[in-house]
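Listed here are the chains, written in short residue letters.
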Amino acid sequence: MAAAASSAPSSGSAGDGTRATSKWLDAHYDPVANLHTFSSCVTLADLHGDGDYKLVVGNFGSTGHEMKLKVYQGTSLLSENTLPDLPTSVVSFLMEQHEPRMPALAVASGPYIYVYKNLRPYFKFTLPPMEPNPMEKVVWEQAKEDKVDLLSMKEMLEAIRENAEMPLSVQSLRFLTLDPPEMDSFVNQHKSQPIKRQTVMTCMATLKKNRVDEDAISCLVIGTENMEILILDPEAFTILSKVTIPSVPTFLDVAGQFDVEYRLTVACRNGSIYILRRDSKRPKYCIELSAQAVGLVRIQKNIIVACSDETLRGYTQKGKKLWGVTLPATPITLGIMDEKFQSFQAVLVALANLEVHIYRDKNLVNVIQVPDIVTSISFGHYGREDNTLIMTTKGGGLIIKILKRTSTFHKGDTAVGVPVAQSIKLSVPKKTKLYVDQTLRERESGVAMHQVFQTDLSRIRLMAARAYVRALECSMTPVSESLQEPLKLNAVVQGMGPTFKLCLNLQNMSENRAVANLLICFVYDENRYSIERPFFKAPMLIPGLNYPLATFVECLGDQGISDIIKVFVLSEGNSRPLLTAHISMPVSEGLAAA
Amino acid sequence: MGLEMDPLLHALSYFRRRKFQLCSDLCSQLLEKEPGDQAAWCLKMRALTEMVYVDEIDVDQEGIAEMMLDENAIAQVARPGTSLKAPGTGQGAGPSQAIRPLTQTGRPLTGFVRPSTQAGRPGSIEQAIKTPRTAHTARPMTSASGRYVRLGTASMLTNPDGPFINVSKLNLNNYAQKPKLAKTLFEYIFHHESDVKNALDLAAYATQHAQFKDWWWKVQIGKCYYRLGLYREAETQFKSALRQQDMVDTILYLAKVYSRLDQPLTALNVFKQGLEQFPGEVSLLCGMARIHEEMNNISAAAECYKDVLKQDNTHVEAIACIASNHFYSDQPEIALRFYRRLLQMGIYNSQLFNNLGLCCFYAQQYDMILSSFERALSLAESEEEAADVWYNLGHVAVGIGDTNLAYQCFKLTLANNNDHAESYNNLAVLEMQKGHIEQARVFLQTASSIAPHMYEPHFNFAVLSEKVGDLQRSYIAAQKSKETFPEHVDTQQLIKQLKQHFARV
Chain A
22 MAAAASSAPS SGSAGDGTRA TSKWLDAHYD PVANLHTFSS CVTLADLHGD
72 GDYKLVVGNF GSTGHEMKLK VYQGTSLLSE NTLPDLPTSV VSFLMEQHEP
122 RMPALAVASG PYIYVYKNLR PYFKFTLPPM EPNPMEKVVW EQAKEDKVDL
172 LSMKEMLEAI RENAEMPLSV QSLRFLTLDP PEMDSFVNQH KSQPIKRQTV
222 MTCMATLKKN RVDEDAISCL VIGTENMEIL ILDPEAFTIL SKVTIPSVPT
272 FLDVAGQFDV EYRLTVACRN GSIYILRRDS KRPKYCIELS AQAVGLVRIQ
322 KNIIVACSDE TLRGYTQKGK KLWGVTLPAT PITLGIMDEK FQSFQAVLVA
372 LANLEVHIYR DKNLVNVIQV PDIVTSISFG HYGREDNTLI MTTKGGGLII
422 KILKRTSTFH KGDTAVGVPV AQSIKLSVPK KTKLYVDQTL RERESGVAMH
472 QVFQTDLSRI RLMAARAYVR ALECSMTPVS ESLQEPLKLN AVVQGMGPTF
522 KLCLNLQNMS ENRAVANLLI CFVYDENRYS IERPFFKAPM LIPGLNYPLA
572 TFVECLGDQG ISDIIKVFVL SEGNSRPLLT AHISMPVSEG LAAA
Chain B
4 MGLEMDPLLH ALSYFRRRKF QLCSDLCSQL LEKEPGDQAA WCLKMRALTE
54 MVYVDEIDVD QEGIAEMMLD ENAIAQVARP GTSLKAPGTG QGAGPSQAIR
104 PLTQTGRPLT GFVRPSTQAG RPGSIEQAIK TPRTAHTARP MTSASGRYVR
154 LGTASMLTNP DGPFINVSKL NLNNYAQKPK LAKTLFEYIF HHESDVKNAL
204 DLAAYATQHA QFKDWWWKVQ IGKCYYRLGL YREAETQFKS ALRQQDMVDT
254 ILYLAKVYSR LDQPLTALNV FKQGLEQFPG EVSLLCGMAR IHEEMNNISA
304 AAECYKDVLK QDNTHVEAIA CIASNHFYSD QPEIALRFYR RLLQMGIYNS
354 QLFNNLGLCC FYAQQYDMIL SSFERALSLA ESEEEAADVW YNLGHVAVGI
404 GDTNLAYQCF KLTLANNNDH AESYNNLAVL EMQKGHIEQA RVFLQTASSI
454 APHMYEPHFN FAVLSEKVGD LQRSYIAAQK SKETFPEHVD TQQLIKQLKQ
504 HFARV
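Sequences listed follow chains A and B, in order. For the first sequence, the working numbering assigns the number 22 to the initial residue and increments by one for each residue that follows. For the second sequence, the working numbering assigns the number 4 to the initial residue and increments by one for each residue that follows.
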């Protein structure tokens with residue numbers, strides 16, 4: 022107990038995850054475990070009913086082609102099953118009441134759920150097919166009887182795709198992407214098959230059937246791409262319930278029991294969260310997030326959601342906002358931390374800045390530094406340890422941490438007292454005595470000062486106007502004023518010499534008028550420099566683009582003297598230049614070599 | 004006819020009065036009469052040397068090749084505050100970038116223009132070979148080699164019938180045995196002929212002949228090594244010279260070697276040790292101040308300059324630097340005092356009046372502003388100087404709300420200096436206010452391409468794009484602005500706002 026007391030002060034310093042005060046034991050870190058997955062595809066399950074919990078990961082593989090269902094025991098890989106497609110979700114659930122209680126694994130992937138028992142394939146559930154578009158059906162019927170040629174068939178399908186509410190089948194979509202020579206064989210191959218429309222699963226969760234116990238039978242709840250939520254019977258795999266929601270579900274959270282009362286919380290792709298109850302045909306409550314949800318968890322009766330605008334928010338069951346905190350970086354994934362012994366529940370937020378933050382309500386209670394960006398996070402029983410945190414990283418690493426039994430978390434608000442910003446002193450420079458004297462002078466002779474200033478100002482205005490007019494008359498400015506050809510020129514000299522590269526950047530500043538027929542001419546001392554192209558025609562200038570026009574200048578003579586080169590931009594048939602630039606050339610350093 | 008002066012004495016008198024050409028001519032006549040006259044020969048050498056003499060300590064510009072192909076640089080990523088190559092990593096003393104503008108290499112503008120503060124070390128070859136031509140941002144890279152060449156050809160220019168002494172035909176070993184003659188000859192070869200190799204040979208023979216006991220020759224060998232780029236060898240020579248004789252010059256050379264080796268802290272130590280021997284020596288204090296300034300430690304530099312002024316209250320560099328420091332730390336009235344002091348000391352140029360005008364403006368002494376600028380304009384020697392004056396007048400015009408005058412002033416800046424990025428940026432802001440989006444965009448793009456070290460064009464571009472609704476471009480520009488000035492609060496806020504936009508559904 023003394024140890025517990027000693028670790029108590031460290032809970033105050035939530036910000037520093039230093040090793041000495043850490044609440045976590047580093048059990049295992051394998052940076053090359055080759056685990057590429059997300060939180061929905063990671064689960065912890067007592068697969069053999071012996072109290073030794075295993076880690077089940079639906080792995081995407083580093084290239085997204087080697088999909089595997091991996092099971093870890095301790096720090097080693099126990100088994101590996103190849104998956105036919107990318108998994109979208111992996112859950113474990115009890116199918117029947119037999120002893121010993123051995124949960125089955127359900128892997129949702131495409132339109133199928135693969136059920137594994139004792140790590141062996143057991144059953145494959147397929148989502149019921151959907152009614153295809155009748156017009157599409159007609160088109161394929163015609164194709165079957167060779168009544169329609171390929172191009173008109175393509176046109177018809179495209180028209181259906183554009184107009185019809187019901188989307189096309191995979192077969193038609195595939196056909197539309199083909200090049201004309203490939204179409205014929207494709208149609209011949211597929212015209213005899215009936216067209217099918219199949220949806221896919223986007224998320225999956227479990228729901229207890231009729232008892233609250235840990236080892237009660239659970240139903241599977243799945244969300245599909247055609248905006249439906251289905252609840253499946255665990256034994257017969259029949260659809261017990263079906264609800265349509267306004268958008269495609271992405272995250273699913275379930276509470277309650279199927280036979281009694283349950284509540285579904287669904288985060289959707291349109292940035293809204295819908296809350297449904299048993300027997301409701303439509304969503305009961307709707308939370309409109311201002312950004313996309315990154316993760317959704319439920320702690321007791323509150324919904325906690327992390328959004329892509331770097332916020333973490335808490336809502337009640339009825340969709341009322343309780344709190345919101347700003348995260349220091351973009352959240353990547355969310356997990357729930359349910360520590361049974363102290364009945365401490367918090368939310369784990371993996372951030373893009375290589376940290377995992379633990380929030381209890383809106384209070385940050387702990388920060389874990391991680392070596393890589395965490396993409397999946399799960400907390401629970403692993404092996405024989407109760408409180409284990411398992412994370413996989415973007416680079417394919419596996420991190421296992423164990424919560425120290427002695428560590429406690431501060432439950433209250435960590436930020437007490439005045440905010441830090443209040444005590445920072447601003448370094449405002451002191452006003453000097455000199456300044457005070459000057460203000461005195463201003464006060465005494467304010468009128469005179471003002472008069473002098475105004476006279477001077479008028480004179481300066483006149484001077485500026487004169488100089489400006491002179492500059493305009495000689496077209497001295499690098500920006501032309503004429504309304505027909507608003508141009509801008511600037512020159513850069515590159516190189517050390519004796520050969521320099523002279524780069525003119527010519528740009529047309531008008532809104533939408535191109536400028537053509539421009540000539541560029543250089544004037545220089547021919548004894549000192551020779552220019553490759555002293556006179557050339559500029560290309561047509563499109564508005565808004567920068568035209569770099571380069572030419573080479575060679576410095577003649579060995580005097581080490583630099584001179585000015587003048588550049589004129591002229592329009593054809595007009596001797597007055599539009600623009601002028603004076604380039605003072607640098608001294609040639611190439612002489613050193615000579 | 005009065006008494007005819009002895010021609011040698013006459014020549015010597017010319018030499019003392021710094022009429023070197025006359026002295027050299029007279030010596031030539033003497034030598035024609037008597038070719039073996041060592042005194043005349045020696046005097047002519049000294050006169051010719053003095054004509055082209057440049058103080059080795061102060062004038063130091065690194066050429067492009069030396070900067071980019073520096074093989075002495077070992078640590079590419081130096082620890083903060085230990086390198087001249089990464090300014091801004093030191094203690095964050097002094098005003099921020101938003102108040103005090105930076106030069107191209109990321110250092111705050113200095114109050115006093117000197118070769119080494121301006122050249123800096125460019126980050127890339129591309130940046131190095133571009134020739135910036137704004138006196139304000141960075142100097143044209145007329146490198147060391149270019150300057151030495153001009154000096155080297157001095158012998159050809161002054162004497163159309165060939166050099167005075169044909170160094171390659173001399174028996175250096177012979178001359179090395181005559182210490183007095185050897186020293187003059189060495190200086191002639193080193194400064195006038197710029198023939199470092201032969202100068203080194205001569206110095207090597209001489210030091211051998213002096214049985215390695217003459218510190219002067221060691222310093223000269225060090226100078227030769229330094230010129231040849233053999234810094235470590237130069238360091239040993241200077242150190243050994245210092246063991247024999249403490250000299251301010253040698254200390255300055257040694258510090259120069261260290262700063263070239265990018266070891267500013269060691270250079271500072273050398274100065275400190277030197278100050279123990281020569282307490283209150285102005286050139287040492289000044290050297291320290293320069294190194295502090297180059298490392299962006301402005302407040303330490305200001306302290307050193309204050310020490311300089313305690314010893315020598317007419318030190319122009321110190322006064323100018325302290326003044327600019329006060330100006331940029333929001334005390335223009337004190338800066339005004341310092342600049343007035345410079346004026347009283349008899350400095351009368353465009354830059355000074357330019358600064359006086361600005362100080363008056365910010366210290367609210369309105370009656371003096373415009374007359375100062377007027378005088379600065381009339382005193383401006385080059386177009387670049389005039390451009391700077393117009394630019395500042397533009398600032399005054401913006402300050403009194405006369406955008407028309409401001410527009411004309413900034414345009415005139417550009418007419419005088421095509422590469423004035425700051426005025427491109429300010430013009431863009433004026434165009435933005437008028438609603439000429441396209442023109443503003445072009446100006447900002449130009450400004451950012453001319454001066455990649457400025458954050459303002461990027462930030463303005465981000466704001467402009469954000470207003471138009473082009474969030475993608477705005478974000479890219481804001482990121483660039485953040486890169487050049489990470490602490491800029493407005494940029495941070497803009498980025499935050501944009502991120503919210505992107506995250507929103």
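In short, the hints are calculated from the structure, not lab data. Computed from a predicted model, the values in this text were never measured in an experiment. All C-beta atoms in this analysis are idealised placements derived from N, C-alpha and C, irrespective of residue type, glycine included. Don't take each hint at face value.
The calculated label-pair distances, taken between Cβ atoms and stated as ranges, are [what the hints assert, rightly or not]: (1) B/Gln496 with A/Gly72: 50 to 56 Å; (2) B/Ser452 with A/Glu179: 44 to 50 Å; (3) B/Pro489 with A/Thr520: 36 to 42 Å; (4) A/Glu593 with B/Pro489: 20 to 26 Å; (5) A/Thr520 with B/Ser452: 55 to 61 Å; (6) A/Arg298 with B/Pro489: 26 to 32 Å; (7) A/Pro392 with B/Pro489: 23 to 29 Å; (8) B/Val57 with A/Lys451: 42 to 48 Å; (9) A/Asn533 with B/Asp493: 27 to 33 Å; (10) B/Ser452 with A/Leu447: 51 to 57 Å; (11) B/Asp493 with A/Asn538: 40 to 46 Å; (12) A/Ala469 with B/Leu25: 53 to 59 Å; (13) A/Asn538 with B/Pro489: 24 to 30 Å; (14) B/Pro489 with A/His471: 41 to 47 Å.
In silico PhoX-like links for lysine-lysine, alpha-carbon gap of 25 Å or less [stated by the list, open to error]: (15) A/Lys452 with B/Lys502; (16) B/Lys186 with A/Lys342; (17) A/Lys342 with B/Lys499.
Now for the hints, and whether the structure bears them out:
1. B/Gln496 with A/Gly72: 50 to 56 Å: Cβ of B/Gln496 to Cβ of A/Gly72: about 54 Å, so the range 50 to 56 Å holds.
2. B/Ser452 with A/Glu179: 44 to 50 Å: holds, 46 Å
3. B/Pro489 with A/Thr520: 36 to 42 Å: holds, 39 Å
4. A/Glu593 with B/Pro489: 20 to 26 Å: Violated - the Cβ-Cβ distance for A/Glu593 and B/Pro489, about 49 Å, lies outside 20 to 26 Å.
5. A/Thr520 with B/Ser452: 55 to 61 Å: This hint is violated: roughly 23 Å between Cβ atoms.
6. A/Arg298 with B/Pro489: 26 to 32 Å: violated, 51 Å
7. A/Pro392 with B/Pro489: 23 to 29 Å: holds, 25 Å
8. B/Val57 with A/Lys451: 42 to 48 Å: holds, 44 Å
9. A/Asn533 with B/Asp493: 27 to 33 Å: holds, 32 Å
10. B/Ser452 with A/Leu447: 51 to 57 Å: Violated - the Cβ-Cβ distance for B/Ser452 and A/Leu447, about 36 Å, lies outside 51 to 57 Å.
11. B/Asp493 with A/Asn538: 40 to 46 Å: holds, 43 Å
12. A/Ala469 with B/Leu25: 53 to 59 Å: About 55 Å separates the Cβ atoms of A/Ala469 and B/Leu25, which means 53 to 59 Å holds.
13. A/Asn538 with B/Pro489: 24 to 30 Å: Since A/Asn538 and B/Pro489 have Cβ atoms about 47 Å apart, the given range 24 to 30 Å is violated.
14. B/Pro489 with A/His471: 41 to 47 Å: Distance hint for B/Pro489, A/His471 holds at roughly 43 Å.
15. A/Lys452 with B/Lys502: violated, 40 Å
16. B/Lys186 with A/Lys342: violated, 89 Å
17. A/Lys342 with B/Lys499: Distance ~23 Å between A/Lys342 and B/Lys499 Cα, so the pair holds.
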